[in-house]
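Please arrange chains B and S on chain G, whose structure you already have, making use of the hints.
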Amino acid sequence: MSSQLPILQVIIPLISAPLCLIISRPKLVWLFTLIASTISFIISIILIHQVMQSGTIIYSLGDWEAPIGIEYRIDYLNAYLLLIVTGISSIILLSAHTSITAELSHNKYVLFYVLFLLCLSGMLGIIATGDAFNVFVFLEIASLSSYSLIALGKDRRALTAALRYLLVGTLGATFILIGIGLMYMMTGTLNMHDLSERLPNLSESRTLIIAFSFFTVGVCLKLALFPLHWWLPNAYAYAPSVVSAFLAATATKVAIYILLRFIFTVFGIEFSFSILPLQKILLALGLVGILTASTIAIYQNNVKQLFAYSSISQIAYIILALGMNNSTGLVAALLHLFNHALMKGALFLALSAVMYRVGSTQLTDFSGLGKSMPWTMAAIVIGGLSLIGIPLTVGFISKWYMLIASLENNLWPVTVLILLGSILTGIYVWRIVETAYFTTNKTGLNHIKEAPFSLLLPTWLLILANLYFGINPRFTITITKLTAQSLGAMP
Amino acid sequence: MLLNIYSLLSACFFVLMDAVDVAFTEAAVGVGVSTILLLSTLTITGSFEKNKRIKPILTFVIVIISGFLLIYGTLQMPPFGSSDAPIHQHVATYYIEESYTETGIPNIVTSVLANYRGYDTLGELFVIFAAGIGVITLLDVNTNIKNLSMFKNDLSKSLIQNHILRVISKMLIPFILLFALYVQFHGDFGPGGGFQGGVIFASAFILYTMLFGLKASQKLISQSWLEFFSALGVLLYTCIGMIPLFTGKSFLNYKVLAQDPLQGQHLGVLIVELGVGITVFSIILLIFIAFTKQVSIIGEGK
Amino acid sequence: MNILESFNYWVVMILMMSGLYILIAHGNLVKKIIGLTIFQTSVYIFYISMANISGATAPIIYKNIEGDNILYSNPLPHVLILTAIVVGISTMALALALVIRIKQSYGTIEEDEIHAKEQQQ
Chain G
7 MSSQLPILQV IIPLISAPLC LIISRPKLVW LFTLIASTIS FIISIILIHQ VMQSGTIIYS
67 LGDWEAPIGI EYRIDYLNAY LLLIVTGISS IILLSAHTSI TAELSHNKYV LFYVLFLLCL
127 SGMLGIIATG DAFNVFVFLE IASLSSYSLI ALGKDRRALT AALRYLLVGT LGATFILIGI
187 GLMYMMTGTL NMHDLSERLP NLSESRTLII AFSFFTVGVC LKLALFPLHW WLPNAYAYAP
247 SVVSAFLAAT ATKVAIYILL RFIFTVFGIE FSFSILPLQK ILLALGLVGI LTASTIAIYQ
307 NNVKQLFAYS SISQIAYIIL ALGMNNSTGL VAALLHLFNH ALMKGALFLA LSAVMYRVGS
367 TQLTDFSGLG KSMPWTMAAI VIGGLSLIGI PLTVGFISKW YMLIASLENN LWPVTVLILL
427 GSILTGIYVW RIVETAYFTT NKTGLNHIKE APFSLLLPTW LLILANLYFG INPRFTITIT
487 KLTAQSLGAM P
Chain B
46 MLLNIYSLLS ACFFVLMDAV DVAFTEAAVG VGVSTILLLS TLTITGSFEK NKRIKPILTF
106 VIVIISGFLL IYGTLQMPPF GSSDAPIHQH VATYYIEESY TETGIPNIVT SVLANYRGYD
166 TLGELFVIFA AGIGVITLLD VNTNIKNLSM FKNDLSKSLI QNHILRVISK MLIPFILLFA
226 LYVQFHGDFG PGGGFQGGVI FASAFILYTM LFGLKASQKL ISQSWLEFFS ALGVLLYTCI
286 GMIPLFTGKS FLNYKVLAQD PLQGQHLGVL IVELGVGITV FSIILLIFIA FTKQVSIIGE
346 GK
Chain S
980 MNILESFNYW VVMILMMSGL YILIAHGNLV KKIIGLTIFQ TSVYIFYISM ANISGATAPI
1040 IYKNIEGDNI LYSNPLPHVL ILTAIVVGIS TMALALALVI RIKQSYGTIE EDEIHAKEQQ
1100 Q
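Chains as they are written, first to last, in the numbering used here: chain G, 7 to 497; chain B, 46 to 347; chain S, 980 to 1100.
If we strip away everything but chain G, and leave its shape as in the complex, we get:
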C-alpha cells in the first residue's frame, strides 16, 4: 500500500466529506473528521520520510503516464507543505467540537465538518498535484468551501466578507485560468514538469510574460499580498473562530506554495528573476506590505481583525524573503511558512477560547483577562512574542534568516526596515498585553472562567511547538535547506 500514499493523502479526507453527510451525528462526525485528518497527517510524515530517503515520488493517476494523464509529484516542497497543512488541521480539529457548539446553530454542525473536510482536501490536492489545471480544480474546491465556512459566522458582516472574498477569489482563480490557458497554448501541455522543460525555449515570447503576470496577479489576489489584501481582514474577523484559525494558518500558505511552485519549478528562476524585474517588485511590495499592515494593525480595536492585519504583514515578510533571491532568503521564506502557521494557529485558537468564554474579541473586553484566563492569555503572550521574533521562539529563527539574507545581498535599508517591522509588531502585541494584565475589568465580570481543557490543549500544543522549534530548529532548518536546494536556488 505504501506506493499509494500520495493519493490516499488527498482521497481520505475527500471521501470522508460525503460519508460525514451520510453519518450526520454531530459528535460522531467530529471524531470521524479528526481521524481522517490525523491519518492524513501520519501519511504526510511517512511521505516526507520517503522523500528524504529515495527522492521525488511520482504517482500517475489511472496509470496514464505524465503528460497524457495527471500525475502527483511529491518532492521536498510538497511534502513539507503537506506536513504543515495536515498537522495544523489535526490540531485545530481537536478544539472544533467545543468551539463550534458555542458559535454555530445546532443544525449546521454536520455541514460544517463536511465543508471543513472539503476545504482541507482541496488544499492537499493543490499541494500534491503535478498538473497545472488540476491546481485550478482543487483551488476551487478549497475556495468554495472556505467561502461557505466564513459565511457561517454569527455576525452579519460575515456574509458580506464572504461575498467579497468570493468575488475577489473567483477573479483571482479566473486570472490563474487565463495564465494556465496561455501556457498551454504556447506549449501544448499541462503537466508542470513537462511545462518546465518546454517553457525555457520560449522565454523571449511576450505571450509567456503575459501568462506569467496573469498567473502571478491571480495568486497574489488569493494570498492577500499587500495592495490586493482588502478582502482578508473582515473574512478572518467574522468567520467562526475555528475557521479563522484554520484559514489563517493554512490558506495563505497554500497560495504561497502555488507561487513558489510556478516561480521556481515551472517558469524557472532564470526566467522569473533575470528576464522579469520580479526581484524588485517582490521586495517593494513586501516592504510596503509589512509596514502598512503592521501600522493598520496597531489601530484595530477587534483583536481578531488585529491579527488578520498582522497576517497580511507576515505574508509580506515571506514575500520579502523571496524577493532577496538568494538561497538564505528562500530558506527564510520556507521557515516562515511553517513558523507563521504555528504562531497564527496558536493565536487564533487562543482567541477562540476567549470567544468561547467572553463572547467577543473586542480589545476592551480583554481587560482583566490576564487574571481570569491565565493559561489562555499566557498562550497569547508567547504567541505574540513569537510574532515579534524574540529569541527562543520560532519567530526568531525565521527573522534571523531574513536578516542574514538581507545582509548577504548588502541591502542595509531592508535590514533596518525588517527590524522596524518587528517594533511595530511589538506595539500591537503590547496593546493586548496591556489591556489584559494591567487594566481591571470595570464591569466586574468575575464569573469568567478559564477556557475548557478541549480548547486549551490544542492551543498549548501549538505554543509548545512554537517553543520547541524555536529552541531546537534542527528539523525545520534541515528540511527547508533541502527544499531550497531541490528548488535550485542560487547559492
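For the record, the hints were derived by calculation from the structure and aren't laboratory data. Glycine is no exception: its CB is placed at the ideal position from the N, C-alpha and C atoms. Just so you know, nobody snuck in bad clues.
One-sided and incomplete, this derived list gives chain G residues near chain B with beta-carbon spacing under 7 Å: (1) Ile13; (2) Gly68; (3) Gly75; (4) Val120; (5) Leu150; (6) Ser151; (7) Ser154.
The following block gives chains B and S in isolation, referenced to the frame of chain G:
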C-alpha cells in the same frame, strides 16, 4: 434577461468551433440553471439598481491596463485556426490518435474527461458538491415544510390556473426524463454524459415543482433523500476509483474492473458518469429548492 | 501582422474587459456577479478558440471512417472548459445564495448602503 441570450449565443459559438460537448453543457447550464437562479434571486432582491457606478475612472484605468496587457500578449500568439500551433502538437495528437484504441470510446472528449483526466472530473464533481453543501448551509432549507403549507407563490399559482400549459408540460416531463437518460448513457458516442444528463433530469423535476408547487415535489423526493443521493454519487465515483488500489494499480485505473482492459474501462466510465449524473441531479435540485423556499418566504411576508 | 488572424482573441478581450468593468464598477451585488459570469465566459471562449483548427470537425471518432485523414479539433481544451463551466455555475449559485442572505439581513444589496450600515455597528 440578456445574460441567458448571451449564454445561448456562446453555446452556438461553441458549436461553430466544433466543441459540441461544451456547447451542450453551456446550453444546459447557462440558459437553464443559471437563469432560474438569477430570476429567483432577483425576485427576492428586487431588480432595480438604485444608484449608478461609484468609481468609474479608477476602474477604467485598471480595465484598460489589463486589456492592453492582453493585447500585447496576443500579438505573438499563434494565429487562430492554424493546425501547426504548438497547442495541437504535443498531447492533443496523442489523444486523437490513440484514445480510441486505448479506451474504446469514440467521443474523445468523454474519453479524456472520464479516463485520462478522470481525476479532474472527480475534482469538478467535488466542486459542485461543495457548492451545493454551501448553499444549503447558507439558505436554511430545514425550514419546516409545514410552515409553507399555505405556500403558493405567484409563479405556480398562475401556472396551475393555466390548463393548457399544465397539460402540455405534464406530457413533456416523461420525454425530458427519457432524453436525460439518453444523454446520460450515450455520452460515450455522442455529445453528452453525466453532467448534462444530471442537469436535464433535474430540470424535469424543476418543471414539476413549478407546476404543482414545492410541497408536491417534496412528497416525491424529500430533502434528506436528495442530500443522501448527492453524497452517494460522489462516493460511487471515489469508490470505483479506489478499487484498483487493492490490486496494486493506481487510483482511477478502470482496467482492473473487468477481465478485458477495454471492457473494464467501458464499465468504469459508465459507472463514473452515473455517479456524476446522480450528484449533479441532486445538487441542482437541492439548490433550486433552497432558492424557491426563500422566494416563497418572501412571498408569505408580503 | 494580420489583425484578422487573431480576431477571436480580440472579441474575447472585449468581453473580458466589459465583464471586469461591470464587476468592479457596479455597486449592485447581483450586477457584480453577472459581470463575473461574463468575465468567466470570455475565458471559456478563449479556450475553445484556441482549440479550433480551420476545417476540422468535432472530436468524435466514427467507426466506419478510417481516422487517418480527418482533422479533429483539439479535445483537451473542451474537457478543461467543461470542468470550468461546472465550476462557474457552482460559484454563481453560492454567490447568489450569499446575496439572498445579505438582502435578508441588511435589507439592501447596494454595496455603499451595506457599507454605511456596517460602519454604524
